[in-house]
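Engineer: Counting the sequence shown from 1 gives a position; this note's numbering is that position plus 1.
Derived from the structure by calculation, the hints contain no laboratory data. Warning: the hint list may mix true and false statements.
[What the hints assert, rightly or not] Mimicking EDC-like on lysine to aspartate or glutamate, the simulated pairs with C-alpha atoms at most 16 Å apart in a straight line are: (1) Lys207 x Asp131; (2) Lys207 x Glu161; (3) Lys207 x Asp165; (4) Lys40 x Glu66; (5) Lys154 x Asp53; (6) Lys110 x Asp53; (7) Lys38 x Asp61; (8) Lys40 x Glu12; (9) Lys38 x Asp53; (10) Lys181 x Glu12; (11) Lys155 x Asp53.
[Said to hold, decoys possible] Okay, the calculated beta carbon distance ranges per label pair: (12) Tyr22 x Thr72: 22 to 32 Å; (13) Gly208 x Lys65: 42 to 52 Å; (14) Gly163 x Pro74: 46 to 56 Å; (15) Lys38 x Gly90: 20 to 30 Å; (16) Ala140 x Glu161: 34 to 44 Å; (17) Asn50 x Phe205: 19 to 29 Å; (18) Ala175 x Asp27: 16 to 26 Å.
All residues carry an ideal CB built from backbone N, CA and C; glycine is no exception.
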Amino acid sequence: MVMLAFVDGQEGTTGLRIHEYLAQRDDIEVLRIEADKRKDASERARLLNAADVAFLCLPDLAAKEAAALVTNPNTCLIDASTAHRTAAGWAFGLPELAPSQRELIRTSKRISNPGCHASAFILLLRPLVDAGLVPAALAVSASSITGYSGGGKKMIEQYEAGGDPRLDSPRPYALGLGHKHVPEMTTHTGLSTRPIFMPIVGNFYKG
2 MVMLAFVDGQ EGTTGLRIHE YLAQRDDIEV LRIEADKRKD ASERARLLNA
52 ADVAFLCLPD LAAKEAAALV TNPNTCLIDA STAHRTAAGW AFGLPELAPS
102 QRELIRTSKR ISNPGCHASA FILLLRPLVD AGLVPAALAV SASSITGYSG
152 GGKKMIEQYE AGGDPRLDSP RPYALGLGHK HVPEMTTHTG LSTRPIFMPI
202 VGNFYKG
């Protein structure tokens, strides 16, 4: 049986990578949208509802709007944005989160893909909080370094163009301590105090 898949946001960095993976499988047919209809809500809705599984590779607001277009109860949505990572009715897509999480993901029609920084933080802290070794109210501080591909096409172009020595060194960002991963880092560890988090981008593609 061939599964139908649709990537909403197929021209972005994440969407292109998902397309690469799906194209290697002969049990999946990828539904494609014409370039001139990418912003056509009715055409996107048609494809979203025709798919067995749809990937939302969109900015947060657009991901929420896309999710609202789905009326087919059999369509499984996997959202790569931060829009639904702490939302009710959405399974957080980290199988190792808890003993029941893998089954919850397997049976869910709404799955939020966890953030890169958040995954590392949660996998470290959640077992310690669950075991009572780290108090939920503890003020935790953390730093995390990631590759530049997470910054999207513009950042990739900036780093790969070369010639800017400032990019050779790791660069902290989100200096206001309000990084978009913080809500899921708080919710899915069981912490009651928001962590102090400093993300860093390094001069390597990913990892």
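Engineer: In this structure, is the beta-carbon distance linking Asn50 and Phe205 contained in 19 to 29 Å?
Structural biologist: Violated: the Cβ-Cβ distance is about 39 Å, outside 19 to 29 Å.
Engineer: Check whether the Cα positions of Lys155 and Asp53 lie no farther apart than 16 Å.
Structural biologist: Roughly 32 Å between the alpha carbons, so the hint for Lys155 and Asp53 is violated.
Engineer: Just to be careful, I want the Cα atoms of Lys207 and Glu161 compared with a cutoff of 16 Å; is the pair within it?
Structural biologist: holds (13 Å)
Engineer: Holds or violated: the 20 to 30 Å window for the beta-carbon distance between Lys38 and Gly90?
Structural biologist: holds (29 Å)
Engineer: Quickly compare the C-alpha distance for Lys207 and Asp165 to 16 Å and report which way the hint goes.
Structural biologist: violated (19 Å)
Engineer: Does the Cβ-Cβ separation between Tyr22 and Thr72 fall within 22 to 32 Å?
Structural biologist: Cβ of Tyr22 to Cβ of Thr72: about 27 Å, so the range 22 to 32 Å holds.
Engineer: Does the Cβ pair Gly208, Lys65 satisfy 42 to 52 Å?
Structural biologist: With a Cβ separation near 29 Å, Gly208 and Lys65 fall outside 42 to 52 Å, so the hint is violated.
Engineer: So the hint says 46 to 56 Å: do the beta-carbon atoms of Gly163 and Pro74 match that?
Structural biologist: holds (50 Å)
Engineer: Given the hint that Lys110 pairs with Asp53, test it: the Cα-Cα distance must not exceed 16 Å.
Structural biologist: Holds, at about 10 Å.
Engineer: Within a Cα-Cα threshold of 16 Å, do Lys40 and Glu12 meet the stated pairing?
Structural biologist: holds (12 Å)
Engineer: With 34 to 44 Å as the target window, see if Ala140 and Glu161 comply at their CB atoms.
Structural biologist: holds (38 Å)
Engineer: Quickly compare the C-alpha distance for Lys40 and Glu66 to 16 Å and report which way the hint goes.
Structural biologist: holds (12 Å)
Consistency note: the structure conflicts with the earlier hints numbered 1, 3, 5, 7, 9, 10, 11, 13, 17, 18.
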